[in-house]
Amino acid sequence: MTTFRFESRPSLLSMATVAGPDEAKGPLGEKFDQVVPDLWVGQKSWEQAEQELLARAGQTLLVKENLTAADVDLMVGGDLLDQLVTTHFASRTLDIPTFGMFSACATLTASLAVAAMAVDAGYGQKVLVTVASHHHAAERQYRYPVELGIQKPATAQWTATGAAAFLIGKGGPVVVREATPGRVVDYGVKDPFDMGGAMAPAARDTLLRHLQDTGRTVKDYDAIFTGDLAAVGSTLFRDLLKEEGVQVEGIHHDCGLILYDRSSQKAVQAGGSGAACSGLVTAAHIIPGLLSGEWRRVLLLATGALHSPTTYRQGESIPCIAHGVVLERAEAP
Amino acid sequence: MTYLLAFLVGGLLCVAAQAAVDFLRWPPAYVMVLFVVLGAVLGGMGLYEPLVRFAGAGATVPLTGFGYSLVQGVKQEAVRTGWIGIFTGGLTATSMGVTVAVAAASLVALLFPPRD
Amino acid sequence: MKLSPEAAQTYDQKRLAHHPPVPVARHFWRAFWVGGLISTVGQFFLSYFEKKGLMPDQAAIPTAAVLVVLGALLTGLGLYDRIASYGGMGAALPITGFANSMVAPAMEFRRDGWVMGVGARLFQVAGPVFVFGTLASLFVGSLWYLFYGGFTG
Chain D
1 MTTFRFESRP
11 SLLSMATVAG
21 PDEAKGPLGE
31 KFDQVVPDLW
41 VGQKSWEQAE
51 QELLARAGQT
61 LLVKENLTAA
71 DVDLMVGGDL
81 LDQLVTTHFA
91 SRTLDIPTFG
101 MFSACATLTA
111 SLAVAAMAVD
121 AGYGQKVLVT
131 VASHHHAAER
141 QYRYPVELGI
151 QKPATAQWTA
161 TGAAAFLIGK
171 GGPVVVREAT
181 PGRVVDYGVK
191 DPFDMGGAMA
201 PAARDTLLRH
211 LQDTGRTVKD
221 YDAIFTGDLA
231 AVGSTLFRDL
241 LKEEGVQVEG
251 IHHDCGLILY
261 DRSSQKAVQA
271 GGSGAACSGL
281 VTAAHIIPGL
291 LSGEWRRVLL
301 LATGALHSPT
311 TYRQGESIPC
321 IAHGVVLERA
331 EAP
Chain V
1 MTYLLAFLVG
11 GLLCVAAQAA
21 VDFLRWPPAY
31 VMVLFVVLGA
41 VLGGMGLYEP
51 LVRFAGAGAT
61 VPLTGFGYSL
71 VQGVKQEAVR
81 TGWIGIFTGG
91 LTATSMGVTV
101 AVAAASLVAL
111 LFPPRD
Chain G
1 MKLSPEAAQT
11 YDQKRLAHHP
21 PVPVARHFWR
31 AFWVGGLIST
41 VGQFFLSYFE
51 KKGLMPDQAA
61 IPTAAVLVVL
71 GALLTGLGLY
81 DRIASYGGMG
91 AALPITGFAN
101 SMVAPAMEFR
111 RDGWVMGVGA
121 RLFQVAGPVF
131 VFGTLASLFV
141 GSLWYLFYGG
151 FTG
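Chains D, V and G, in that order, give the protein sequences.
Take the first sequence: its position 309, counted from the start at 1, is 309 in my numbering, and no numbers get skipped.
Take the second sequence: its position 43, counted from the start at 1, is 43 in my numbering, and no numbers get skipped.
Take the third sequence: its position 64, counted from the start at 1, is 64 in my numbering, and no numbers get skipped.
Covered stretches of chain G, as calculated for chain D (at least 3 residues, CB under 8 Å): (1) 71-85; (2) 100-106.
Derived, one-sided and incomplete: chain D residues facing chain G with beta-carbon distance under 8 Å: (3) 44; (4) 45; (5) 147; (6) 148; (7) 149; (8) 154; (9) 155; (10) 183; (11) 186.
Because the hints were derived from the structure by calculation, they are not lab data.
Note that beta-carbon positions come from the ideal geometry of N, C-alpha and C, so glycine has one too.
Please model the entire structure based on the sequences and the hints provided.
What follows is the structure, encoded as structure tokens:
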């Protein structure tokens, strides 16, 4: 039994998003709190730009709730860059006690789970969850300089630029009901241009364990959102589940396919990815859907690929992880 | 005619490289290395020179031409200076391209920031 | 958990079946005309330098230099990555692509300083081409010298 149930009903008090220009052009463009016009965000490097995105998301949330840093007990969050520089450097200005989390693009649900645990256990009244990623900073670290002429395969994904912040406490309208931490799953995929294909088995693993732990079926969810399996990984995920007799057609959605309009935004190829991808979609699409009554209970399964450029060069396969979090509208039983 | 041959041969070499990427699923960096080595080997066997005479820039502009230049330089210097030429010829023949590339890269880095 | 190599192979086939087919015809056509066009531009300069009285082998040297400058400029203007995402190896294989592979890291790592950034990273992508080209020329050149060099030299 590895699914945690939070009996004291920790919940979402507030949230804030800052999105990059490509994300603003996508279907959710109108729904972000703040949109930056370019990837520099007024800074001198991509890394500083990513920190600025995160700092702005945190500040926006504090201002919205009329809070100061001293009112927040803990910040739990992460990003994709080495040593979590985005989270830690931005935390210098936010000035909140911080736990840096790394689960690559699954960082959102890992952080939400830890925040909910802290609140549920009574260690904090208000815990800030943050995620951020920056397309060019990720390209530079994981792949090539941005001006390098490379034709990417259609299975490649686009790291989202943006940051999202969520405030977890008690008495909010959306409850973090359960969390299922992921196991590291490695199906031997070595192609760094097919993250969705590498991550799909991890998403399946966590979903099946979650259903087993809770005794539910997928029908008990109004929607199941994977983090960033994108086009290839999403169909693969559904196929893998079909083999187990689990049908998620119609219920399953993927944040990487929601964030962009792939027909007009060709550069994103198979879809979005990055720590900010599930963060932006959760704040601008999933939570609003829960608040409006479109859904009552959703399972958010953010997915992450845990390789590094070094392990790739040394011929290692890509280990992946998916953490699940159940979000419910507060009045739900 | 010269231009047409350059177009055709240069284009076909690139198609061959694209085939290596698409069919063998090689990363582009590996394909570039393969083509330089290929140019050097063909150059050493005296098989690339006819292509250069036939297609001009169509054979020298793709990276195979770089490998060919390296070997051609080795040959010419070896004829002129003996065994020392094996070590000096290759880089001598290609030094202008590389030096200009280093200078241009530095200058561009000085003048232009990366774009979005 | 880590799948056994055999099971991983089975999964790999399943995964690849979900990949959209590579648009080979489109890729080939684009690589062909982009690579052909760059070569034609090269031919223009090659003919020019030959007309100026350089031997064909000699004329190729300044031609390469001119193309390197053009590739560098297009990279600086932020255009070469777009040309290459369209033309694939048609843009990467010509010497303009070689220039791009040096200019791109120079621009990217400029923020890391001139010595540890630009200086250290300039050959990040072009380095392998340079290293294996040099090794190949050394190997092939030595063989050539052993078999023919003695007679002609």
